[in-house]
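Line by line, the protein sequences are chains E and S. FYI, in the numbering used here the residues of the first sequence are 1278 to 1709. FYI, in the numbering used here the residues of the second sequence are 1278 to 1709.
Simulated from the structure, these hints should not be mistaken for lab results. Please note that the accuracy of each hint is not assured.
Put simply, identical chains are the same to the list, so a pair is met inside one copy or across any two.
[As the list claims (entries may be wrong)] Here are the simulated lysine to aspartate or glutamate pairs, DMTMM-like style, with alpha carbons at most 20 Å apart:
id	residue 1	residue 2
1	Lys1701	Glu1584
2	Lys1549	Glu1606
3	Lys1348	Glu1449
4	Lys1658	Glu1449
5	Lys1356	Glu1404
6	Lys1658	Glu1365
7	Lys1658	Asp1699
8	Lys1380	Glu1365
9	Lys1549	Glu1590
10	Lys1356	Glu1632
11	Lys1380	Glu1627
None of the values given here were measured: they were computed from a predicted structure.
Residue strings, one per chain:
There are 2 protein chains.
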Amino acid sequence: MDAALPSNAYERVAAQARASSLGMQAIPHSLRSRSLEAMAAALRAHQDRILAENARDLAEAEAALPPSLVKRLRLDAAKIEQMAAGLESVQSLPDPVGCIQEKLELAPGLILTRVSCPLGVIAIIFESRPDVVPQIMGLCVQSCNSVIFKGGTEAKHSNRVLYDILYQAGVESGLPENFAQLADSREAVAALLQYDQYIDLVIPRGGNALVRSIMDISRIPVLGHADGICSMYIHAEADPRLALALVHDAKVQYPAVCNAIENLLIDRSAVKDMLPPIIADLANSGVRLLGDSELVALFPGLEPASEEDWECEYNDLILSIAVVGGIDEAIRFINAHGSGHTDAIVTANEETAGEFALRVDSSSVMINASTRFSDGFRYGKGAEIGISTNKIHARGPVGMEGLIIYKYIVQGAGHCVADFTDAKAFTHRRLI
Amino acid sequence: MDAALPSNAYERVAAQARASSLGMQAIPHSLRSRSLEAMAAALRAHQDRILAENARDLAEAEAALPPSLVKRLRLDAAKIEQMAAGLESVQSLPDPVGCIQEKLELAPGLILTRVSCPLGVIAIIFESRPDVVPQIMGLCVQSCNSVIFKGGTEAKHSNRVLYDILYQAGVESGLPENFAQLADSREAVAALLQYDQYIDLVIPRGGNALVRSIMDISRIPVLGHADGICSMYIHAEADPRLALALVHDAKVQYPAVCNAIENLLIDRSAVKDMLPPIIADLANSGVRLLGDSELVALFPGLEPASEEDWECEYNDLILSIAVVGGIDEAIRFINAHGSGHTDAIVTANEETAGEFALRVDSSSVMINASTRFSDGFRYGKGAEIGISTNKIHARGPVGMEGLIIYKYIVQGAGHCVADFTDAKAFTHRRLI
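Next comes chain E alone, as it looks inside the complex (with noise of 0.2 Å):
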């Protein structure tokens, strides 16, 4: 009574995954750790095999791509022991699935256990990166999910002789087959999107471009954010110090990334004091400077910012100052300009810095701090799935928590409804 596999490709590939994951939900742990160490011996043992493959993407890259592209893709021996070091770090973190999160008494005899389980079927397309298909292996493995890799053909022999190594040492401990596959084509990514009913989450790991195509085209959940348009309040109580230190490292420190700021807010009456050392220091750091007409009056440094400019993610060394003329006026800007991913405060006022955590309606939000700390790993999650702007289930940096959904499991002996018709029948009595 099985529904036999389909004949189109791609939904052959996503049918298989959703059979492998219904294997993959009832591995146990024991198991999953056992094959996580053996890839993780795997990728030590096959090094050389590695390194071959990568250095046949980097030869074709090399005529084709910039170098900051090509270093991305390239491998070396050090590379390789982080990817086996990092399955083995996920293999040691609590298992994820069969956590009780509620545990309730319904009547007597009558329990309802709320049980975490995973998705089911994780697609995950990427760019240039090679290692992201031995962490996201592990992350997907310890969850109990099975996953389906798109990755750019830029790094296809990378890819594809990792997950041929990572594959078989999974399906030699014991992993069902399919319980990952890879999907080499181009043509996959718009194909895999459409098949809602068998893969339940989409994970794009790739510049905003790659990002926004797939969340407009997909009928699948897709984990990830497009934008990071993020900023930096300094209110008229900041420590003048802390408010440079955290201005320069959240632009300067790393601007290629989303959670480095692009607009910069400043209270009216802070202006005078403690604008002209930051926007010395930023100059002197090769951030370009724009602002609004009175800040372009006051500075004649800075030149001005068009409307668009509110709402540009730069990913550069590119700033865009405006005044504020007060704590509502500069979370209405950022709740209208921003993109809910990180925006930071200032002050050592510490009711206005809950008013803001309050009424900042994004994933991450700074207290004097930078919005650099925005990150997986940072926020203690280990290996970081993604950052998430979905309001929906995952929000903010998202680790392998993203992978798991809860089922309610509901104990009995023999109750039937119609013995409930009155409502004081129920205890509801929490048990934990």
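Please build the complex by placing chain S on the supplied structure of chain E, with the hints as guidance.
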């Protein structure tokens, strides 16, 4: 610097809801409680006005609609008192907003807190029952969400008067303008479902056709389920008396609902002893019985089931019965043909029950209990928002927690990422 309100009428409704939701986030629990009390009092005070408007809907409906639908429309003094009492019971629930779910020291002086917060804007699209208005308004106010109602035209006068009374009581108590809005017209649904930049979640409450049409066109996440194809599996080691009582309850007690069973599976070795009394009982209760070829040959009263029957939600006194070779086949059947809603096993074998609960990929699994218990009130959630077969975020019967998500707050004292390039600088010490 705020965006101006859009000129399109429905986009304006959605944008107003978003603006209002940002105000709702900061409404303290005491004000929310007061406004729910004021709403309850207003319903009691305006009973005659409500009944008069309801009579207008009834007069139109009695000519046009079947008696069962007219019954759902009808309000009386007792139902109005129930609505008021419902608002008071929501008011007494613990505050779902601002709960600390996690607290972690990232490094000395750098504290990460995960705090529950509202989703933002909820759109609810419902048919008939005007009591949805006070119920959902209560849950949304208590969870600091703003809400857009779109009711059926058959209840338009009742919905309007309830909305007007409740909205006025809310605003007079201090809730922000547009904390709840009512859209009347038919074209509102398709229009609203496009505004994913303003609306965070859509909740359809109505028949399958309504839910499915919304799921097909919405760009916004939908909390709900299109199908309720539930199965009960009688294992060889079932107690025959339990099996008989549970099948009866799950099929006959209220067949028109999503958590009634459509399929019955039975182990081959149990057919001879356990099935005849079950078939007799169901036939006695007027249930039309379909079976697979094996059963049709054994029981002349059974009609042959087609392939479509195994995936059909009858919502009626009809049941399809299939023989299985054991638990593996039963689980495969349910995962292939079911809708991931609620499935049950009847067995005295605890190990088998555990395996069934682990491997059936449904939001609720029943062990020796009726599928009909799958319900928000019965699960102790107070008011039910819906039953979700989504795996992202909310699953199964969903109460107010389905309207809540979390944000991260990081409190530092000028902490910069530049000082944390060595991973060892993090302590990641769990505080709660």
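Checked hints:
Taking the closest pair of Cα atoms, Lys1701 and Glu1584 never come within 20 Å of each other, the shortest separation being 60 Å inside a single copy and 42 Å across copies. In this assembly of identical chains, Lys1549 and Glu1606 lie within 20 Å of each other by CA distance solely inside one copy; the values are 19 Å within and 75 Å between copies. In this assembly of identical chains, Lys1348 and Glu1449 lie within 20 Å of each other by CA distance neither inside one copy nor across copies; the values are 33 Å within and 62 Å between. Taking the shortest Cα distances, Lys1658 and Glu1449 never come within 20 Å of each other, neither inside one copy (29 Å) nor across copies (45 Å).
In this assembly of identical chains, Lys1356 and Glu1404 lie within 20 Å of each other by CA distance solely inside one copy; the values are 17 Å within and 58 Å between copies. Taking CA atoms no more than 20 Å apart as the test, Lys1658 paired with Glu1365 passes inside one copy only; the shortest distance there is 15 Å, against 40 Å between copies. In the homo-oligomer, the alpha carbons of Lys1658 and Asp1699 lie at most 20 Å apart only across protomers (16 Å), although the nearest pairing inside one protomer, at 46 Å, exceeds that limit. For the identical chains of this complex, Lys1380 and Glu1365 are neighbours neither inside a copy (32 Å) nor across copies (26 Å), given an alpha-carbon limit of 20 Å.
In this assembly of identical chains, the alpha carbons of Lys1549 and Glu1590 never lie at most 20 Å apart, being 27 Å within a copy and 69 Å across copies at closest. Taking CA atoms no more than 20 Å apart as the test, Lys1356 paired with Glu1632 passes in neither setting, with 44 Å inside one copy and 40 Å between copies. Taking CA atoms no more than 20 Å apart as the test, Lys1380 paired with Glu1627 passes between copies only; the shortest distance there is 18 Å, against 38 Å inside one copy.
In summary, the structure is inconsistent with hints 1, 3, 4, 8, 9 and 10 from the numbered list given earlier, while agreeing with the others.
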